[in-house]
Every structure is written in structure tokens, then in C-alpha cells.
Amino acid sequence: MIVRLALRNALRNRRRSLFTLLSLLIGVGLLVISQSFVDGIERTLVANEIDSEHSHVRIVPQGYLEEEDYYPIDRPLPNAAQIATFVMERFPGAFALSRMGFRAEVGDGQKTLRVRGMTANITEYAKMFRVGDLADIGNGQRCFVGSGIAGAFGWTKGDTLEIQTKTIHGTLNSAKSIQIVELLRSSHPLVDDFTVLLPNDVGQTLLDSPEGRATEVLVRLPNPDDAEQVAALVQNTFPGVVAQTWRQKTQYLIDINNLRRGAFQIIVMIILLISAAGVANTTLMSAFERTTEIGTMLALGMRRGTVVWLLVTETLMIALVGSAVGAGLGSVVSGWFTTVGIEFPEIPVEAGAAIPMPPLLYFAWRPEITIFAVGLGVTVAFIAALWPALRSSRVDPITALRGEA
Amino acid sequence: MTQTTTVAALQSAHRIYNPGDNPVVAMANVNLEIRRGDFLALAGPSGSGKSTILNCLGCLDTPTQGRVLILDKDTSLLSKQQLSDIRSQHIGFIFQSFNLIPVLSAAENIEFALQIRGDIGPAETKERTAAMLKRLRLNNLGHRRPSQLSGGQQQRVAIGRALIKNPALVLADEPTANLDRATSEEIIQIMRDMNEEMGVTFVFATHDHDLMQKARRLVMVQDGRIQSDTTQTGTSL
Ligand SMILES: Nc1ncnc2c1ncn2[C@@H]1O[C@H](COP(=O)(O)OP(=O)(O)O)[C@@H](O)[C@H]1O
Ligand SMILES: [Mg+2]
Chain F
20 MIVRLALRNA LRNRRRSLFT LLSLLIGVGL LVISQSFVDG IERTLVANEI DSEHSHVRIV
80 PQGYLEEEDY YPIDRPLPNA AQIATFVMER FPGAFALSRM GFRAEVGDGQ KTLRVRGMTA
140 NITEYAKMFR VGDLADIGNG QRCFVGSGIA GAFGWTKGDT LEIQTKTIHG TLNSAKSIQI
200 VELLRSSHPL VDDFTVLLPN DVGQTLLDSP EGRATEVLVR LPNPDDAEQV AALVQNTFPG
260 VVAQTWRQKT QYLIDINNLR RGAFQIIVMI ILLISAAGVA NTTLMSAFER TTEIGTMLAL
320 GMRRGTVVWL LVTETLMIAL VGSAVGAGLG SVVSGWFTTV GIEFPEIPVE AGAAIPMPPL
380 LYFAWRPEIT IFAVGLGVTV AFIAALWPAL RSSRVDPITA LRGEA
Chain H
349 MTQTTTVAAL QSAHRIYNPG DNPVVAMANV NLEIRRGDFL ALAGPSGSGK STILNCLGCL
409 DTPTQGRVLI LDKDTSLLSK QQLSDIRSQH IGFIFQSFNL IPVLSAAENI EFALQIRGDI
469 GPAETKERTA AMLKRLRLNN LGHRRPSQLS GGQQQRVAIG RALIKNPALV LADEPTANLD
529 RATSEEIIQI MRDMNEEMGV TFVFATHDHD LMQKARRLVM VQDGRIQSDT TQTGTSL
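For the record, the sequence lines run as chains F and H.
Our numbering puts the first residue of the first sequence at 20, with every later residue one more than the last.
Our numbering puts the first residue of the second sequence at 349, with every later residue one more than the last.
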């Protein structure tokens, strides 16, 4: 009975109901879209960091992270090979890779550019990272160059470059006519704009470094949630090393993204507050116009609580439809961009400080977002309707009934 | 027989508005027993206190002094919710302005009284409503909204709403004040029929001399006091 009565009352003043409905629709719809968008950014950024640079656990010598800008090679990672084997044995499905980063300069004979050199087993590198097509390992004096560096020199694959660095003994060494096998493309600025990857045979010669020497071991795990466990175990087992998990590494990305999330949430909150004010006003107005009717129902013996419930139900019906449609539309939009992605304007790369942002951004819509948004919309409407309903139900039936001639 | 024939009573009831600075005595020392089967008119000029007496009998108002008994039960210590339940259980109301719920059809308005009580199942509700509509000669108008009904038809629906729950007492405050003479007579006639055929107890307020004559018991009110309480024999319609 209450439901039928509430439904008819909700349809009574259609324009007012429509306003309430639309404001909640917009608020809830935007909530779903912005939440999916921001989650998408976070997921994309974290995935990009893991897939192009950091993997799940990165193991380096103690003190290395503090000097990382210089890529020191004089203090290598102790027991790099043992660490890699240890992790792969203890965690089935885990994959570990050793590599050595170093400071270098590349040039074309006219100008030079400071870069991060990197030596590694290319087959293993291709297995661990998604930084372009590394299928062709090549042979001879060869390298893989970040697409940003290549762009700065106008290089394409097949071109040659010069590289200069210090060996592990601190003496200068250089190599000319190193051929570019492939460009590195990852949308991670450190990779694209600063990295020259050398196969181990080329790198070891250049650095005068023995086989097996490495500055870092990277671990990719079948279950990323094992990262903390791996890190702790490695640090306890091998003294003098530090293991950094992907969560620690990407915390700054998440922090920055949380600022963005906060900004969106404030906007959505403002819209929902406007909706709430509209809901409160609608409830109050519709009850005020029906003072006599409410007085009649009270006189006939309807309990005050039932009257409150009736008024709240009227608003909740409108709110439920508005929230559901808004969340539905928001979910369709978000779901679409979760599947096909959206072209994102490239953020200009301020050297070193830029957030790696891929050009195609995928939203991260989840059903929970929709459910939460509908719940929030209905809750906001409920709270906004409650006070006016309580107030309007407090009429004295005698006064209300006398109120009309 | 231990069962009383008194369905409601006012005992030494006073109702004073604005006590203190500028008091208005709307009801002064009223003693009134409503007996089962009464067809009682509260008569008196405007402002004499008729509505105040009805409101107190209907548990919408409480006397500032004195007691209200409904079916022998003293209501003075009851909570608002308990008073509300007494209204929904035992008292039928007919208002001057009909006061039907505009979004409900005639039939639904009648059902509404039972739904407020909540103790009658849907099947019986439908059955009783259909019978009531028929009795009120509204059986073809059950689906209409109040706005699609004439004043007299609306008041007939209101009578149905008041009677559907078989109340101990039906209170009608100037039920014909918004109706023309012919319709007024028709409404009073229906009430009288219901009283005679079903034994429904009616108390109605009026300041219309013609209508007063239709009552079997006539209580004259003046300045909040009962002036006379007479049983009219030979009243006919
Ligand atoms: N809420 C109120 N506040 C003050 N005075 C009131 C109020 N209600 C009724 N009265 C006064 O009480 C008296 C009786 O009113 P009422 O019972 O409505 O008379 P009737 O129904 O016979 O016209 C009148 O003088 C009226 O002005
Ligand atoms: Mg009156």
C-alpha cells in the first residue's frame, strides 16, 4: 500500500521528480566514470612501471638506491646469480633476471647524450619486460636504444652509434659503430628517453666486466602479492642487499594519483550535495503541499513512523531510478573505455620528474564501483529526505484539517 | 449483561486554549456519554465548541482537564501512538471537506482505512470494499479518482472509508457543510440508514437546523457547555 501510494505521489509532480532524478543521475554517473578513470590511471601506471622497468621485486646492493642517479658499478650486487637461482627455486613460476646499469654517453660523432646503459641477457629481458620487439637478438656490436634517444638523433634501426663509458676499473672506454637492432618503446620515460640496452657480450667487453657481475636482480612473480614475502626472504638470506617491491616503488604514483582521485571525489561530492539539497527541498515541498493530506492520514490513525516512511519512500523511488540509470550509463561509458581505451594527451616529459603515461589509457571499471555508486546515491537521498519527512510528519491533524475551507 | 452500551464518554472535560494571558474556554465541564447505536447531533452556533468535543472524542485532541473514555478505556495516559491506534481501530472520521487521498481511487480510499489498521487480509479487504461500494451505490465509480467525483459522491466514499472497519463510533464534523441541500439530505439519509440497518454509532456536528431534526438524539452546545441533551421521538426523513 505504502509503495503504491508512494509511487503515485512520486509521479504527481513530474518536473520536480525529474529534477531530483536527473541530479542524482548525473552525480552517480560521474562518480562511476571518474572512479573508473582514476582507477584506470593507477592500474595503467603501476602496470607500466612493473612491465617496463621494475618488475615485481628489484634487488640491489645496500646503499645503491641512494646513489642510483649515478648507476655506480664499482660495488656490484653480491651473489647475484645465487639470489636469482634461490628465488626461482623457492617460488615456483618466478622468473629472475640479472642486469647491470651504468652511466654512459651515446653520440653520432657530432653531439652526445648522457644515458643509462644497461647490460643484460636480451632473451631474458624480452621475457621479463614489455619494452618493444626484442625478438631479434642480433649479433656483433649491437644495441637497443630508447625511442626517445633515437628520436633526438634521428636514428632508426640499422643505424650505428658511438658509446663511451667507464669500465669497472674506472678507466674510460668507448665503442664505435654499434648497430641499433631495435628501438625500445615502453611509454616509460626512463626506458624510452634514457636507456641503451646492450647484450651481455657487448656490455661486458665495454665495461671490462666479468661474466655474472650485476648491479641488480629483478624478479617477476606469478602472484604479485608474493612480492613482500620474496623481498623479506631475500633480505634475510643475503646480507648486504636491499629488495624493493613494486608496491614500494609505485607508491609515489599511487600517491600522486590519489590527489587526482581526491579532486574528482570533491567534484562528485559537490554534485551529490547539490542533489541532496534538491532531494531535501523536493521532499519538503511535496509534503508541505500535502499538509492536509498528511493530517488526514494521521487522523485516520496512520502512525507517524508510517507517514515518515511514506514520504521517504517517495523520494527513494526517484533516487533509486536516478542512481540506477546514472550508474548504468556511467558503467556503459566506463566499461567501453575499459575495453577499448581512450587516447590520452601526452604529458610533456620533464626530465626525470615525469610520470610515465602511456598514450592509450584504459579505464578500470569494476562492478563494485557501480554498486557503490548506486548505494551512495540512494544513501545520500535517504539522509536528505529523512529530516524533511520527520518534520512534515509532525503536523497536528486538527490544524492540518482545519487548514482548508 | 456486563457489556456496557457506552462506546465513548467525556467526563468533566474541559479544553482551554492559551491558558494564562488570554484563555479561550472551548469546552467547559462537558459530561457526555455516547451509547451504542446513537445517531447524535451536536448542534450549536459556530464557535460553540462542537469541533472541540468531536476532536476529544476522536482522540485527536486531549482535554486540559477531565477524561475521555473509549470503550470504557481511559485514554488520558495513552501515548500518541496508542491514541493513533485507537483511531485506526475504533473510530471512523467523516470530514467537512471529504479529505480523500487524491492519488487513490474511490475503492482504494475505502481500502485505505483497513490497510492503515493492517489486520485484515487482502482478500477480505477487497470483498468488504466491493460490498461497501455497492451499499453506497458507488459500484460503478470505484476506479475513479476523487477529482472525478462530485462532492456528494466524494462524501459517500468518505462514509465508506469511515465504516469499512466497523468502528465503534463514527464522528462527522459538519459533514454536509460543503454540499447543497439535496445532497446534504442524501448524505444524512445514508448515515441514518447505516445507523438503523447496521447499528453504526454516529455523532455529527452541525449548525444546520434542518439537519438537527434528523438526529435521534440532539445535544445543544453553547459556549463550550452542553445546554440540553434530548431524545427526539418521531424524527423522520
Ligand atoms: N487552536 C485554537 N486556539 C485557540 N482557540 C481555539 C482553537 N481552536 C478552537 N478555538 C476556539 O474554541 C472555541 C470553540 O471552537 P470549535 O470547537 O471549533 O467550535 P465549533 O466547532 O462549534 O465552531 C472557539 O471560540 C474557537 O475560537
Ligand atoms: Mg467546528
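Hints should not be assumed to be uniformly reliable.
To be verified - Quick list of simulated restraints, FRET-style, between CB atoms:
1. H/491 / F/293: 16 to 26 angstroms
2. F/304 / H/545: 23 to 33 angstroms
3. F/21 / H/353: 21 to 31 angstroms
4. H/570 / F/33: 31 to 41 angstroms
5. F/304 / H/471: 35 to 45 angstroms
What the hints assert, rightly or not - Covered by chain H, per the in silico footprint, the following chain F stretches (three or more residues, Cβ under 8 angstroms):
6. 27 to 35
7. 301 to 315
8. 318 to 329
Think of the hints as simulated: they come from the structure by calculation, not from any bench.
Glycine included, every Cβ here is placed at the ideal spot set by N, Cα and C.
Hint check results:
The given range of 16 to 26 angstroms is broken by residue 491 of chain H and residue 293 of chain F, whose C-beta atoms sit roughly 40 angstroms from each other. Take residue 304 of chain F and residue 545 of chain H: their Cβ atoms lie about 45 angstroms apart, and the range 23 to 33 angstroms is violated. Our hint of 21 to 31 angstroms for residue 21 of chain F and residue 353 of chain H is violated, since their Cβ atoms are close to 38 angstroms apart. Taking 31 to 41 angstroms as the suggested C-beta distance range, the pair residue 570 of chain H and residue 33 of chain F does not conform, at roughly 51 angstroms.
The hint said 35 to 45 angstroms for the Cβ distance between residue 304 of chain F and residue 471 of chain H, and at roughly 38 angstroms that hint holds. For the segment 27 to 35 of chain F, the proposed coverage by chain H is satisfied: 3 residues have a C-beta within less than 8 angstroms of a C-beta in that chain, meeting the threshold of three. Using a Cβ-Cβ cut-off of 8 angstroms, 3 residues of the segment 301 to 315 of chain F lie near chain H, which meets the minimum of three, so the contact claim holds. Chain H is given as covering the segment 318 to 329 of chain F, and this holds because 7 residues of the stretch bring a CB closer than 8 angstroms to a CB of that chain, at least three being needed.
When held up to the earlier numbered hints, the structure conflicts with 1, 2, 3 and 4 and fits the remainder.
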